[in-house]
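> Fit chain P to the supplied structure of chain Y, relying on the hints for placement.
Below are the chains, spelled out letter by letter.
Protein chains: 2
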Amino acid sequence: VTYQVAGPVAGPIVGMVGGGQLARMTAPAAVPLGIRFRVLAEAPDSSAAQVAAEVEVGDHRDPEAVARFAKGCDVVTFDHEHVPTELLHRLEDAGVAVRPGPAALVHAQDKRVMRERLTAAGLPCPRWRPVGSVADVVAFAGEVGWPVVLKSTRGGYDGKGVWTVGEERAVERVLGAAGGGLLVEERVEFTRELAVLVARSPCGQAAVYPVVETVQVDGICREVVAPAPGIAEDHALAAQQAALRVAGELGVTGVMAVEMFDTADGVLVNELAMRPHNSGHWTIDGAVTSQFEQHLRAVVDLPLGATTPHAPYAVMVNVLGGDYPDLYPAFRHCMARDPGLRIHVYGKQVRRGRKVGHVTVLGGDLDRLRERARHAAGYLRGEVTE
Amino acid sequence: VTYQVAGPVAGPIVGMVGGGQLARMTAPAAVPLGIRFRVLAEAPDSSAAQVAAEVEVGDHRDPEAVARFAKGCDVVTFDHEHVPTELLHRLEDAGVAVRPGPAALVHAQDKRVMRERLTAAGLPCPRWRPVGSVADVVAFAGEVGWPVVLKSTRGGYDGKGVWTVGEERAVERVLGAAGGGLLVEERVEFTRELAVLVARSPCGQAAVYPVVETVQVDGICREVVAPAPGIAEDHALAAQQAALRVAGELGVTGVMAVEMFDTADGVLVNELAMRPHNSGHWTIDGAVTSQFEQHLRAVVDLPLGATTPHAPYAVMVNVLGGDYPDLYPAFRHCMARDPGLRIHVYGKQVRRGRKVGHVTVLGGDLDRLRERARHAAGYLRGEVTE
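Protein chains in written order, with the numbering used here: chain Y, 1 to 386; chain P, 1 to 386.
Note that these hints are calculated values from the structure, not bench results. Wrong hints could be hidden among the right ones.
To be verified - Straight-line Cα separation of at most 25 Å, DMTMM-like style, residue types lysine to aspartate or glutamate; simulated pairs:
(1) P:LYS71 <-> Y:ASP45
(2) Y:LYS71 <-> P:ASP45
(3) Y:LYS71 <-> P:ASP326
Said to hold, decoys possible - Partial pick of chain Y residues on the chain P-facing surface, computed with a CB cut under 10 Å:
(4) GLY11
(5) ALA29
(6) ILE35
(7) ARG36
(8) GLY58
(9) LEU302
(10) ALA306
(11) THR308
(12) PRO312
(13) PHE331
(14) CYS334
(15) PRO339
(16) LEU362
(17) GLY364
(18) LEU366
A quick note: this is a predicted structure, and the numbers were derived from the prediction, not measured. Positions of the beta carbon are idealized from the N, C-alpha and C atoms, including for glycine.
Pulled out of the complex, with its shape left as it was, chain Y reads as follows (with noise of 0.2 Å):
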């Protein structure tokens, strides 16, 4: 990659394919750093394109005005991971630095394609297998016990085209309303969920924060704590190397999460997102590097940052929409209550359930910081009134 110069800043530009709250954060990140920051949003008033300097509105789906946006960037890099993958190896066919490219990123957007590479590589996965009829999958609960959990190969995200069945009827139901590929995994009996953010450069070098654990309500990140509340170190550290290995296998560039399920023979890989992730929005405040400057400066090459915390937990709670047309008229409250407070909101229509914000808290008594983002969380949203 060699760097457009324009005007008195010389870094590398970045083009974000998608305009969402992980653009809309990544924006404030290249601005120390010198790069220009471009972003190809849905609309002009995306949550993204609110805030960066520079700003193409274009459809993701659409070849031309894919190809018509790489082409003023050094480096195209991804909000989501709804770019069709032939469109990517076009792009890249053409000589356009895509990052991670779409032989890595085909992991993050077809779960069929991942779970065949990480049980090939040996990495530890829920049992599953692709299924084409109702048969298949009685046959699949027949071993391993119902109920079981279908997935759509592709387009799922935020816990859409998932679903637990417990029996042959409820399958046929799914088999009827899904189109595209389905395959099903076994309902893992976890004690929790984790996650573990790595970065990877072109280069090869890594990085990884510590493990947090995520909980998760109706397939959508609530809460996470970094790091995990009592994880044993040898055991933070299997996920960790699981993640890295994970990242080397795939040839990721830019910042992943691997989203896992602890169980008491270990964890298991569940999904897979190439992209800064909810499990990483703590680091904004809660590391010296967050993972949207990570994410730059791997995917235009350069160092990776420091991972390190800057107090024993942080706490971070995403607001979801709720009864507040406009979250901004409650920030005095909440603020006025906790100076400590970090506030973050995406500029999203406000709609029933929808992530909208996140707040995060940092200290050393967890429960207290849990208590305090989750109250802060909860008015911002309208459900908690004092």
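Frame of chain Y; chain P shown alone:
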């Protein structure tokens, strides 16, 4: 102030007059708060204009350009102190929320007004006197001893407009060359220079950061250590209380830096800056609430954030223009050598001696922190080559 609603973001629009590095570093702080940030920049490629989503180009001395800019904003604030006081009074009379207001800001614009006010309030200052002739200066020096310090009452910054003079002939040369009002001050025998950053809201809430030590070379800030090493608690408290009193007495809104001389008899107020300040850059990486976020919170009258530092010490060293026309290529070495290093570049044309960026490191071992930060700043500048 009632806030304009534009699309899904309903926070206030803050307009900053001036497109320098302070506005550049304020832009990222507005993003998580959902505050819309707009810049009145000198040129389309000025430091802040490269990164802000909303930029107007115009001259801060042009009443029409400033009034037009202000019309689109809920609150107007500043990257520098160079907007004529009269112009700001007219804006305020027209109903614009100018923060800090001209009645406060004049004390950062006019050193004579500042000295008169602080002296009347009983705040500790160096001995001083307004002067109109060589004879005035010689008479003052007869009382306090040579050398004395001559200062332009308006327009000085970064060592400009300040002259240390040791005898009558030197006074003649300065008075011959300097236009506008002048004052003379004793040259203070200080042990070191300190700075205290405070924030104050329209509603009167105030917050204060730890007292820092600043190292100035040729009138330009080179290095800041937070907190000031070895400072006694009562001494630090006295300095903080002096700064808070200045903020209250002058009715400041926003962030203000009070630069002080530390002497055997206590602190003396040297200069005031009513905006985010070089002595507070360490807060971006080193404190729960950065000075840039704090300034935004103060000018829109949101409750102020915690000023708690993340580490026992933060050391910030300015990167001055040196041998390299572009700082980015040196990143690789600096980042690889020190993953905990925080680099900030301002996107400004590199000119010898000009502030073009800064670096910050956090930790407990002050000698090591100084060494790391000085090395990185020297390497980015081109003075150090390993």
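> Quick check: which numbered hints come out false for this structure?
8, 12, 17, 18
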